[in-house]
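A.B. asks: Each chain is listed here by its residues.
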Amino acid sequence: MDVKGSGKKKERASIFSQWPFNKFGNEEKWQQLFKTLVITIISLVAFLITWWGLSELADTDYLPDPETVFRSFIDTFQIRDPLTGRNMWDNIMASLTRVMWGFALAFATAVPLGLAMGFSKNADDFSKPVVEVFRPIPPIAWAPIMILALGVLLGPIVLVFIGVFFPLLSNVIFGVRSIDPILSDAARTLGAKRSHLFLKVILPSTIPYIMTGIRIGLGIGWMCIVAAEFIAATGGGVGQYIVFKAEVGRYDQVYAGLVVIAILGLLTTELSGYIERRVSKRMGML
Amino acid sequence: MKLTLEKLRKTFPLDEGELVAIENIDLEVESGEFVCLLGPSGCGKTTVLRIIAGLDTPTAGSICLEGKSISGSGSDRGMVFQEFALFPWRTVRKNVEFGMELKRVPKEERHRISQKYIDLVGLDGFENAHPYELSGGMKQRVGIARALANEPEVLLMDEPFGALDAQTRNLMQKELLRIWQETKKTVIFVTHSVDEACFLADRIVIMSARPSTVSEIYEIRWPRPRDRASVEFANLRKQILAKLERMVRIEDDGTQR
Amino acid sequence: MDKKIAIIAVAVVAIVVLGIVAITFMQGDSDEKVVYWVAVAPIDQKAALAAGTIDGAITWEPYASDALLSGSAAIYKWSEDIWEDHPCCVVAVDQDYLAENEQIVLRVLKVHQVATDWIYETIQDTSSDNYTKLLDLGAEFSQRNTSVVASSLEHMILTYEITSEFEDWMELITEKYIDLDLIENATLATRGYDSVEDFVDQYVNSSYLAMAEDIEPSEEILNEDDPVRIGYLVGDLHQFARVIAADDTLWGGNKSLFEIYGVATVTSEGGPYANGGAEMDAFATGLVDIGYLGSPPAILKHLNAGVNTLIVGQVNTVGSAIFVDPEITSLEDFYGKTIATPGPSSIQHLMFLDYFTSNGFTVKAK
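Protein chains in written order, with the numbering used here: chain A, 1 to 286; chain B, 1001 to 1257; chain C, 2001 to 2366.
Read the hints as simulated data drawn from the structure, not as lab findings. Since the structure is predicted, the reported quantities are computational estimates derived from the model, not experimental observations. Hints may contain errors.
Stated by the list, open to error - Which chain B residues face chain A? A few, computed with CB under 8 Å, are given here: (1) Leu1055; (2) Ser1075; (3) Arg1077; (4) Glu1083; (5) Val1105; (6) Pro1106; (7) His1130; (8) Asn1150.
As the list claims (entries may be wrong) - Listed next, the stretches of chain A that the computed footprint assigns to chain B, with coverage defined by at least 3 CB atoms under 8 Å from CB atoms of chain B: (9) 175-186; (10) 201-209.
Every residue gets a Cβ at the ideal spot worked out from N, C-alpha and C, and that includes glycine.
All chains should be built: construct the whole structure from the sequences, respecting the hints.
C.D. replies: Next up, the structure:
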């Protein structure tokens, strides 16, 4: 019984003890970094050339060349749009505000629920049937009904909430369940009661998993907000910008909007990924 | 403090019937005594230790500490794990202070006691390191300091040096004896190394293979530090090894039948 | 250390939440003379007004009459009182299709002429059977009742002629778009036009209408295997002529007017469309051969996106309106109110912008 698990744990222990010794020497590390940088640049240049070539070949306004898009991209930040009176910063702030509201709601509900479901079998049995019914529904599928039912202000926020909620919940539950049982054993031999276990062992060791959930959830949140703004939005938004620009046929600006979404999505996931790694390291869990 | 195990029995349910892991274990451990539980792997010695720690419940029988029956885990029995079981998000000091935090010991007091045990296990200077920054031997020093800082009556050690290399292991054995002599704790030490048991124990309790029971008890009255190269050490080791070998063979025959 | 992380986490969350709250609630505008717009499809505007999410809407028929007759809205202004005799929908044709199928295009235009004239004659005598039939067809097409259709017919003028006034309007609309920066100045040159005047000269072509005058009915269907794909908008009564032309009970012999003139037709894929912008995209994708749509999207997407179309006929003039919450009766009542438009590429949107800015309002997107 007890022998079974120990082999696996031994392996983990050895990974732990190896950690501080970096795989590369300093010089090697820089060489590696330089190589990565060069390959990245080659990849991006190849992409731009392909784009350029395709737009020349296609010769349609539906696929403008990178230079046109880049110019429109710069302009959208400087020039207020004649239709809406907003520049791109206003639209970004509008989308970001919605994402943050939806995210805050999801965080405030998914983390406690996930902790409870991971920790208590009763809570799990109670919540699981409902959660499992709603989980497989793509968040975007809710868009039309949410906006009709909750309006253009609350609808998109609730959509982001749905998008962030489930990945966060899954990760929190998974985090609670992946706690090494030996840590609970150790805490118990040191006099820990159930409430102590929850606060001093389960909560801290779940934090890295919560961070992973946040990273995945924010990525999905961006997709949801753009979809929601496609259907209806007041107060601006990058999705709304794209819809209006498509309607008046300014496809260069539509692409500029796409670039903005790509950059924002990348920034969000990279930033939360960075925080996730920092926290994991700080918490000694890698 | 005197620890008594009485008619301890542990079974696990199977699809049909049950698996008897431990059968009728009786054992008395004197206050301040160093006892090694030794036996072939899978013989249930760790299960016995976990039952004493209150991490597992016995199917029948009782455990008494100074005549009082105990059940469940408690801070009167500290445990050291083969896998170290340190909290990776806590520094060395925070790991050592864990039990005291639960008992709401005031901060200065906590700090003073943790420093004492960190010094005792020879980790001064590493108070603010995280477990991932430590080697295996250092991690286990933290494990020992953490268990001791909680000031338990009995220290339970589950193959604590099993994950260490031979050299570190020998060093840690000597360190453990030093710490034991300084703190005068009762120690129950599980190992499958005959050499380790001979080097450390006041008494070696040999446990038979499943269903596990106390097969034989050796008392060793030699002074410490013990000389591994001495003739009597070699003789005792040979004797116990032969006994264990017989047990394994019997078990093998048994399974073939 | 646990505590430090917890404190930092709580602080970050608190700052983010406070920031969001601040941004959300501090956007109040002190500027009084502001009117907001929001894009709402005409079909949903009446419900949006009832729900209180908008205070009014600018829209085309039958939705203006529908809102009026429902009793929950008042007409603030009919479009003829904002822009007198303004044009609206047009017939546009894909230039590649025109080059290869000129005969078919002429026949469709002839049908358009006959049907438009037929409606004009029919509405002169509201007691005739044909008038009842017309109302029924309009009700079926627009999913509104016959009194809404009757009211719509009173407020729009169906016509096909391309007049010099129409061309002047096209120039005006194009110039307004350039003023609004929805079309960049350089775009005209990019598309090969010297000026706005030159653009309208080339983009609006009345010669096909003239040639269509002489077309006679045909026993034989000329494009049996390759029906012409016609695009139109959802429930838009401006495009009534196409509706009655497609009906096979009015013209005898169980034939539609298209069939009588020897043309096989089919509704274009993806149609009918929600607005002209969507129909222009369908043109661009090669799904539409001939389409009924608003002139502004036909201008916008031809210039901005290079959609290869040509305007070959008019469909109607006037026939739009601003309907409002009955409490709104004067310009002052619009302060801070939200008005729905069918979308930024519609003529209604342009009219809305023009009307309120020329009355000293600042127009903002909601």
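A.B. asks: Return the numbers of the hints above that this structure violates; sort them in rising order.
C.D. replies: 5 and 6
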